[in-house]
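Protein chains: 6
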Amino acid sequence: MRILVLNPNTTASMTARIGAAARAAAAAGTEIVAVNPAMGPASIEGFYDEALCLPGVIEEAVRHERAGTDGAGIDGTVLACFDDTGVDAVRTVASGPVVGICEAALRSAAVLGTRISVVTTLSRSVPAIEMLTRRYGFADRCRVRATDIPVLALEDPASGATDRLRAEIAAAIADDGADAVVLGCAGMTDLASRLGHEFGLPVVDGVAAAVKLVEGLVSLGLRTSKRGAYAPPLAKAYAGELARFAPGSAPGLAS
Amino acid sequence: MRILVLNPNTTASMTARIGAAARAAAAAGTEIVAVNPAMGPASIEGFYDEALCLPGVIEEAVRHERAGTDGAGIDGTVLACFDDTGVDAVRTVASGPVVGICEAALRSAAVLGTRISVVTTLSRSVPAIEMLTRRYGFADRCRVRATDIPVLALEDPASGATDRLRAEIAAAIADDGADAVVLGCAGMTDLASRLGHEFGLPVVDGVAAAVKLVEGLVSLGLRTSKRGAYAPPLAKAYAGELARFAPGSAPGLAS
Amino acid sequence: MRILVLNPNTTASMTARIGAAARAAAAAGTEIVAVNPAMGPASIEGFYDEALCLPGVIEEAVRHERAGTDGAGIDGTVLACFDDTGVDAVRTVASGPVVGICEAALRSAAVLGTRISVVTTLSRSVPAIEMLTRRYGFADRCRVRATDIPVLALEDPASGATDRLRAEIAAAIADDGADAVVLGCAGMTDLASRLGHEFGLPVVDGVAAAVKLVEGLVSLGLRTSKRGAYAPPLAKAYAGELARFAPGSAPGLAS
Amino acid sequence: MRILVLNPNTTASMTARIGAAARAAAAAGTEIVAVNPAMGPASIEGFYDEALCLPGVIEEAVRHERAGTDGAGIDGTVLACFDDTGVDAVRTVASGPVVGICEAALRSAAVLGTRISVVTTLSRSVPAIEMLTRRYGFADRCRVRATDIPVLALEDPASGATDRLRAEIAAAIADDGADAVVLGCAGMTDLASRLGHEFGLPVVDGVAAAVKLVEGLVSLGLRTSKRGAYAPPLAKAYAGELARFAPGSAPGLAS
Amino acid sequence: MRILVLNPNTTASMTARIGAAARAAAAAGTEIVAVNPAMGPASIEGFYDEALCLPGVIEEAVRHERAGTDGAGIDGTVLACFDDTGVDAVRTVASGPVVGICEAALRSAAVLGTRISVVTTLSRSVPAIEMLTRRYGFADRCRVRATDIPVLALEDPASGATDRLRAEIAAAIADDGADAVVLGCAGMTDLASRLGHEFGLPVVDGVAAAVKLVEGLVSLGLRTSKRGAYAPPLAKAYAGELARFAPGSAPGLAS
Amino acid sequence: MRILVLNPNTTASMTARIGAAARAAAAAGTEIVAVNPAMGPASIEGFYDEALCLPGVIEEAVRHERAGTDGAGIDGTVLACFDDTGVDAVRTVASGPVVGICEAALRSAAVLGTRISVVTTLSRSVPAIEMLTRRYGFADRCRVRATDIPVLALEDPASGATDRLRAEIAAAIADDGADAVVLGCAGMTDLASRLGHEFGLPVVDGVAAAVKLVEGLVSLGLRTSKRGAYAPPLAKAYAGELARFAPGSAPGLAS
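Chains as they are written, first to last, in my numbering: chain Y, 1 to 255; chain P, 256 to 510; chain A, 511 to 765; chain S, 766 to 1020; chain Z, 1021 to 1275; chain U, 1276 to 1530.
Treat each hint with caution, since some may be false.
[What the hints assert, rightly or not] Here are a few chain U residues that sit away from chain Y, every Cβ distance over 10 Å (derived from the structure):
id	residue
1	Ala1313
2	Val1374
3	Asp1423
4	Glu1490
5	Thr1499
[Claimed, not checked] Computed Cβ-Cβ distance ranges for the label pairs, DEER-style:
id	chain 1	residue 1	chain 2	residue 2	range
6	A	Ala677	U	Asp1450	53 to 59 Å
7	A	Ala677	Y	Ala170	43 to 49 Å
8	A	Gly539	Y	Pro232	49 to 55 Å
9	Y	Pro232	P	Gly415	22 to 28 Å
10	U	Ala1414	A	Ala677	37 to 43 Å
11	Y	Ser13	P	Ser448	39 to 45 Å
12	A	Ala522	Z	Gly1049	42 to 48 Å
[What the hints assert, rightly or not] Here are a few chain S residues that sit away from chain P, every Cβ distance over 12 Å (derived from the structure):
id	residue
13	Thr795
14	Ala893
15	Asp905
16	Ala923
17	Arg992
Since the hints were made in silico from the structure, they are not lab data.
Ideal Cβ placement from N, Cα and C applies to all residues, glycine included.
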C-alpha cells in the first residue's frame, strides 16, 4: 500500500519530519510518500495561507493520483495540516480515501476519552479549528486551546515550545476536565507519545492517526464516494495561470 | 462608497450580469466594481472549482484593497458565489466588510419568513450548501433543493431553467412549508423579483442582499475585525508560482 | 423611504436618543419615524415589561402601517429593544420588513468576526438574550455578559455606565476571545463607535444595524412573508379593554 | 391545593371545557380555578393573538396571586394555550410553579415514547410550536403537524374535527414513526384518552399533563426561582391605559 | 396507586432512605414499594456498576410487573439512580410509566428556572450525566459539577458531605449563574428542601420529582408506549446463568 | 497484536461469521479472538436484550484482559453489536482501545461521503441507533432505515434478506441523497463489499471498520483514558449471583 502524506506547506524540513512520523506510524507493508507542494506558503497560519496552499496541494494530489494509472499510484491520502484545508477538494480528485489530520485525531480521541482538548499553536487558528470541531460533530465535548507558539518554532529545540505545550495540557486537564488530548499541529508529531506518558492520558497526533485511518480504509477496499459532492470535477475551461488545472481537458490535470 | 463585487469564476458574461444586478440593488451613491479573477475556473460547480478559484479571488481582493491606499480603494466586498468560497481568506486581507452571497441571502430571508428553502443548481452542490446553512446557524429552519441546471445554462434562455426553478419553488412551498425562498446561485439574480411576485413570498437573491448588507455596514463604519482569525496574514515566504502572494514582503501582494 | 423606529418603552427621552441614532445611521433619503407607545412600561427590564409593552407596540405598528394606505405609510420597522419583544406579532401586521435590534446586531457582527460577545445591562436579562442567540443560530459563537447598569441610568452621564461597559468589553476580549462586540441595549447607541475605536474591534449597535438592514430589504422590494406564520391575523372578536385590537373588524385596528 | 388554570383567550365556553378537563385530571384535594381574561382575543391563532392576550393573562395571574396573601391564594398556575404564550412573564409575578401546556405535554410524552408527533390546529401555528420544541430541547425527536381545524371549530361536533385529527395521527405513526402523540391545542382535551385507546399509544393532552406537573411541584414545595430571569419585576412607571400594571407601585398590580 | 421505587444498588440502608423520601413525596393514596435488587453493586459509581446492576434491576421490575396480573401489581416505576441506568430496558417490560431520577429532576427544574446546575458526587460520573443532559435536551442550559463525595459517605453525618454540597451550590450560583439546582444523587434526597431554603432557589431532588411525575402520568392513564422501541422483548433463547430472563418462555421472566 | 472481537449475543454461529469477517479485515500480524458470552440473549433486538447481554460481555472482556498479565492478553476490543451496548462499561475494565461497530462504521463513512444512511434490521432498533448517531455527532448527516429482517434470518440464505437490504439502499440513495451506506448489524458483514460494488458507493461494515480502527490505535500505543469516566471501577461489594463481578476484591473479576 502506498499512502500520500501531503504537507500543505512548502517547508521541506517539516515535510521530512511529518514523513518520518508517518513512517513510524505506518504498517510494515505501507510505503509513505511524503511530499509538499512546489508552490505556496511556508507554513499555514490562518485562512489566507489555507486558501493559497490549495493549488499546490491539488497539483500534488492529482500528480500522484495519476501515477496510479501506471500501476504505481497511491491508495490513499493524508492531508497533514491541522486546519484540514483542501480535504473536500482533494476528495473530488482522489479515488482512495482522503483524511485530514484534525478529523483523524478527533475521531481517534473520540473512542479513548470523553472530553477532548485540542492544543494548537496560534490563537488566531482557534476559530478555524472550532469550526472543524462543529463540522465533525464534537462541539459539545471538545475545547480548543492555543499555546501561541509559531508553527515553525516547533522545529527549534531552544524555543521552549514543549514546555508551553505541557502548560496547556495541564490546564486542559485541570480546567476543562480533559481525559484525552489532541495535538493541533502537524509539527508536534514526535511529542505525542512522550507527553502521553508524562500526563497519563491519550495524547493523539493527527499525522499518525490519519495514517492508520487511511491504512484501515484502504485495506477494506473503501474509497471516496463518487455519487455526491465528491464526484469528479465537471469538465470546463480554466483561465490564466491555472489553466492547466481545467478538469477533463485531454492532457489536463484532473481528467 | 465603492463596493467590490467579486465573481469568483472567470466567465465575463456572468460577471457582467452579476454587476448589473449589483448596480440595480445599489444605492445612488454606491459604485459597483464588478470583477472576476484573471485565472481560474469558468464556473464553480463543486469543491474542486471552489478551491482553485481562490488565488484569483484573493489576487483581485488584494489588488482592489491596495488601490485604497491611493484614496480610490474599495469600502467593502461581495463574494458572488453561493458556496461563499474564500470568504474567510478574503476577510484577512480586507479592511472593510466581506460578505458571501449565501450568508447574505440567508440572513435576509431570516427576518422575512420562518422556514427557508434554498433552490440551487446542481445536486452535487447541496452538501456544500448544507454545511454553510449549519455554519450560519440555519440548520433547523432551512432546506436545500437542486434543480440540476448547469450554472452556465442559466445564461441561455432556451434552457428551460426558469421553469425548473418554478417547479422547485412550488415543491418547497408544498412539501417543506417554505415561506421564504433563497435562489442559490449568483446567476439567478434577475429572476428573484419576478418569482417573488409569482409565488407571493419573498424570493431573495444573494447578490442584491449582499450589496445591501455591505452598504449598511460600510455606512456605519463597521469593518472586519482584526483581533482574531481575520487578522492580517503573518509575514512569511511563499514558494513557486504563487511567491508573489507572500504576505508582508515589501512590494508583496498582501502587505 | 420611511422607517418606523419603535421604542417599545414609553420613555420619550430614550425615544429621542434612539431616533437620533437611527437618523445618524439612515441614508439620505430615509425618513426615520421614531415613536414610542402611548401605554406601557418606562423601560423593558425582563419578561414582565416585555409582555406589557406589546399592546402599545402593536398599536403603534398598526397605526403607522395603516397610514400607508394613504400614501404616507411606513416601508419597514425597527423594534428598538434588545429583547426583540413583539417582533413576531408586529410581522403579522406589517407588510414591510420588521427587524429587532438584537437580531440585526448579531447578523451584522456575524460577518465581521468569529466570536461575538453581547454586553447588556441587567443580569436578569441574560437568559432572555441567550434564548434569542439560540433562536437566531448563534449559540456556539456568542456569549452574553451583563454590566448590571439599570437601563435608564444610561441616560445619566454621572452613572459611570460607560466605564462599566469598558470593563465588560475588556473581559469579553480577554476571557471569551471575542473579536466582535454587540451592545445589548437600545440605550447604548451612541457609544458603539467610540468604543469600537478604543478597543480596536467592531462594536455593533443594534439600532443602527437594524436601520441599515431594513433600508436594504425595503430597497430590494423584500417584504415580510404572508404565506406562513406571519400571515395577517384571522378575524375574530376581542373582549374588553383591548376590543379595538380585534383583527378584521371594519374600523378595527388590524384589518 | 389550588391551581389556577388560565385560558389565555376570552371564550368562556372553552374555559369551561378546559376547567372540566383540568378537574378530571386533578387530585382529590386540588381545587381548579379555571378563568379567562376579561380582555383579549376570543382564540389564540398566531403571534398577533399571542401578544394581545398577555395583559389579560397577567392581570388574572396577578389577581389570583395576590389573593394568596389573604390565605386563599393559588399554589401554582397552568397556562392553557399550546403556544405557551406569557409563560415567562407570568413566572415573574408568580411564586408557585407556572407551566404551559405545550411544555407539560412534551415533558410527559418524553418519558413514554421515543418519537413524539404534535398534532395541532392551524398550519400557521406550526412554526411557533417548532420554536417551542427547540426551546424545550425536543428538536431531534419531535415533529409538528397541522389539521387546519380552526380552534373554535373544535367545540362544534358537526365540524368533522375528530376525524381530521385521526387522519393526522395515523400519518404521524406511518410517516414519522411516532410512538407518542401530543394534542397541540387546549381545545382537544377530552379526545386524548379516546384517541389513545384507538391508536394504541400514549396521546397526551397538555391541560391534564400540566395540572399533574403543577400538583407535583407544589406538593414538593418547589416554586419558581426568584434569583434570575424570573425575579419580580422592577418598580417603575407604566404609562397610559396600562398604568395599573406598573410594578411596585403601592396599590399597584404587581407589587 | 402503587409505585415501584427501584434503587439499582444493593445497599438496603440507602433503599430505606430513598423509600422514606419517596413516601414523603407521595400523595395520600400512593403506596411506595421501595426495593433493591438481590444481586449487583453496593453503589453505582460509573459505567461498570451501571452495567452490572441491570439484571437485578430488570428482575425486580419484572417481578413487580407480574405481580400485577394478580391484581396487586405496580402502576409505575421510579429508577432511583441519577445515571438513569436501565431506564430504556425497564420500559420494555413495564406497562406503566418508568422514570429515571435524573430525567425527572431536570424536567422539573426546567419549569422553575432558566439555568440549571447539577451537583453530583464523583467527578468520574460527570461525563455520564452530561450525556444524559444532552439526550434530554438540556445541553445549552445545564452544567454538571462534582463534589467528589463517595456515594456511601452521604450516609455518614461526619463526612462533611453537606458542607461540600453547599460549597458547590454557592459556586454554581456565582460562576454558572444557576437559578435552579438539581442534586445529582439518590442519596441526597433529604437535603434538597433544607438547601433550597438556605440558598433561596429551587433545589430539586430526583426521587421526589420522579414520584410526582409517575403519580401524575398514572393518574391520567398514560402508559409506556408499546408501538416502538419500548415494545415487549421478542421471544428468544437466553443462555447460561441468565437463561431465566429469556423473554416469552412460558414460565419465563419477561413473558 | 491480539484483538478481542466480542459478539454480545450467545449465538455461536454468528460469532463464527463475525470472527471470519474480522479475520478477513485484519492485518497479517493480527490475531482475532472471536468470542461470545457464556450467558445472555441469542440475539440483541432492543433495549431489553442490550441490558441483559452486559454481564456476559463484561465477563468475557475481563477474562481476556486478565489473560494479558500472563503475556498473552488482548491489545484492544471490538464490540460487535450495532447498538454499541456495553462500550462504556468495557472501557472501564480495558486498558487497550474499545470500539463499538456502530461508532467505527460511522466514523469511517464520515470521511468517505457527506450523507450517510444506516440500514439496520428491526424498526424497533431505529430509535436506539438514532440516539447513537446523536451521541457520536452525526445527527445532521445521517438517517437510519430498517429492513425489518430479524437478526437471525440473516443467517438463512432463503430469507430474502439481501434483496430487502438492496431495496433499502436504493431508497436511501434516491430519497435521502445518501452517498455512503452503513450496514447496521453485525450479521451483515459479508455483504458490504458486494453491495458496495453493486451500488457504486462505499458500503461500510462495522466489524471490519472496528477491527481496522482498533488495529490502528493499538499500533500507535493509544489506550483508553484512565483519567475520567473510564477509570477502573472502584472497589466495592457486589451482592448475590453477580458477587464475582465485585471490583477490587483480591481474586475478583475486575481487580
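Outcome of the hint check:
1. Ala1313: Per Cβ check, U/Ala1313 is outside 10 Å of chain Y; nearest 27 Å; holds.
2. Val1374: Incorrect as stated: the minimum Cβ-Cβ distance to chain Y is 5 Å, not above 10 Å.
3. Asp1423: 26 Å, holds
4. Glu1490: The assertion about U/Glu1490 is violated, with a minimum of 7 Å to chain Y.
5. Thr1499: 6 Å, violated
6. A/Ala677 <-> U/Asp1450: 53 to 59 Å: Check passed, 55 Å falls within 53 to 59 Å.
7. A/Ala677 <-> Y/Ala170: 43 to 49 Å: Given about 29 Å between the Cβ atoms, the range is violated.
8. A/Gly539 <-> Y/Pro232: 49 to 55 Å: This hint holds: roughly 51 Å between Cβ atoms.
9. Y/Pro232 <-> P/Gly415: 22 to 28 Å: 26 Å, holds
10. U/Ala1414 <-> A/Ala677: 37 to 43 Å: For U/Ala1414 and A/Ala677 the Cβ distance comes to about 39 Å; the hint holds.
11. Y/Ser13 <-> P/Ser448: 39 to 45 Å: 57 Å, violated
12. A/Ala522 <-> Z/Gly1049: 42 to 48 Å: 60 Å, violated
13. Thr795: 38 Å, holds
14. Ala893: Violated: least Cβ distance 8 Å, not greater than 12 Å.
15. Asp905: At roughly 9 Å from the nearest Cβ of chain P, S/Asp905 sits no farther out than 12 Å, so the non-interface label is violated.
16. Ala923: It holds; S/Ala923 is separated from chain P by about 29 Å at its closest Cβ, greater than 12 Å.
17. Arg992: At roughly 30 Å from the nearest Cβ of chain P, S/Arg992 sits farther out than 12 Å, so the non-interface label holds.
The structure is inconsistent with the numbered hints 2, 4, 5, 7, 11, 12, 14 and 15, although it conforms to all the rest.
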